[in-house]
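Once you've looked at the hints, dock chain B against the given chain A.
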Amino acid sequence: MSGSHDPTVVTAVLMAAEAAINRALELDPASARDLADMAGTVLAIECLSPDVEVFAIVEAEGKLHLTPYSERKADTRVRGTLNDFLALATAEDPAATLINSDLEIVGNTAPLLALQTLVSKMQPDWEAPLVNVLGDVGGHQLANLLRQIFRWGQKSTQSLRRQLSEFILEEGRLSPPAAELDAFFKEIDVLGLRVDRLESRLKRLGQRLAGRR
Amino acid sequence: MRNDDTAEEPGTTHFGFKTVDRDQKESLVRGVFDSVASRYDLMNDLMSAGIHRLWKRFTIELSSVRPGQTVLDIAGGTGDLAARFSRLVGDEGRVVLADINDSMLRVGRDRLIDSGAVGNLHTVQCDAQSLPFPNDSVDCITIAFGLRNVTDKDMALRSMERVLKPGGRLLVLEFSKPVNPLLEKVYDTYSFRVLPIMGQLVANDPDSYRYLAESIRKHPDQETLLGMMEDAGFVSCEYHNMTGGIVAVHKGIKA
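Protein chains in written order, with my numbering: chain A, 1 to 213; chain B, 1 to 255.
One chain only, chain A, in its complex shape:
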């Protein structure tokens, strides 16, 4: 079920997400065909925080149906927090992320990995709807402009991230560098082990003294 949330809200969010995904699939027929091969697959996503359960059902026409309620047996059930799911969705190596994260998986993992790979390989032809509305020349020009803006946005974000990191570490000295932090944490670990050893020696000494008395 849809957890403790109002079904109206959950249904609205899922309807919007489903419409967006299926629109993207319409613009990428190859991915839609790959998805159609998985028709009938039921994936249950159980988010513990916030408490929401969603079912993703692959339909025969290569479309995805998202629903807060299903009585069909899930092929794969994934349980975790929202952060865990976001990490999986954005991971470059989903298989490694699945193994190393706190996500709990019940059932067959193959459909989940196939779906993640399909999503990461998707290349929707965003130009098609623009060309349909504006014609070949106008649509292509606008698509090029949007692509350039998108690339500029990506580069600017990367550059800003790098400069911000430099400022925090070098200019403002607001945080120590990662290598320095690693060395510090290692020293703490070594110190912790030494304290543990000393504690056990003191215990042993105490037991010996008690035995002599």
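If you are wondering where the hints come from, they were derived from the structure by calculation, not from laboratory data.
Among the hints, erroneous ones may be present.
Once the Cα atoms are required to be at most 35 Å apart in a straight line, the calculated DSBU-like pairs of lysine-lysine come out as [said to hold, decoys possible]: (1) B:K251 / B:K25; (2) A:K63 / B:K25; (3) B:K251 / A:K73; (4) A:K63 / B:K251; (5) B:K165 / A:K73.
This is chain B only, laid out in the frame that chain A set:
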């Protein structure tokens, strides 16, 4: 504003906040829906800001209808649910769109044909209190925003229970009682002040929309309807509040 005085004189029932003879209610309700039929969808969208589509979609999810099944959509109005069910049951299945009101049924049938929902879809004009179908013949019955207009709701629920196959399910989507008192006040103001004005402006019929608001207040609340379904013989009855309880969908299974 909810009128909880449900006690009725023998031979009478309520029509909105008015008390009328039981024989009269059917024709009065017919008058309301004859009047609103042509603009029913537009008004639904305006009145609920389109949210009625979310309520109906969640009801369809709860139905868990599968290909090959038979679905009866009572008071199906303009065929919102029937159109989706028609795709879900496929060529092997069957969907019956039933309504007591001829005007609503005509609008619904035309719309469904225009949208390509043909072949597995049938329309039947009938009374929910005495459904003209064999015993144990239907897998799923839905009644969306229709039960409150039925004169004898208990009789209608018993009739639905008779028609359902054992294990079949009934889904009642209906306006209900908001769970939050503040929301209830806002909702009352909206229903009794804004709704008739919208009815006047869009459909030139404020009285019909005033009746809709009044009939919602006279309809049994969540727990009462749950009890009525259990009394009619349904088991595993439960309900889901939607939009703070403004609407609730009740589910019951035929034993």
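Against the structure, the hints:
Annotation: proposed proximity of K251 of chain B to K25 of chain B holds, straight-line Cα distance about 27 Å (limit 35 Å). A hinted pair counts as satisfied when its Cα atoms are at most 35 Å apart, and K63 of chain A with K25 of chain B does not qualify at roughly 46 Å. Taking the CA atoms of K251 of chain B and K73 of chain A, the gap is about 20 Å. The hint holds against a cut of 35 Å. Note on K63 of chain A and K251 of chain B: the hinted pairing holds, with a Cα-Cα distance of about 28 Å set against a maximum of 35 Å.
Under the criterion of a C-alpha separation no larger than 35 Å, the hint pairing K165 of chain B with K73 of chain A is consistent with the structure, at around 23 Å.
Checked against the numbered hints listed earlier, the structure breaks hint 2 alone; every other hint is satisfied.
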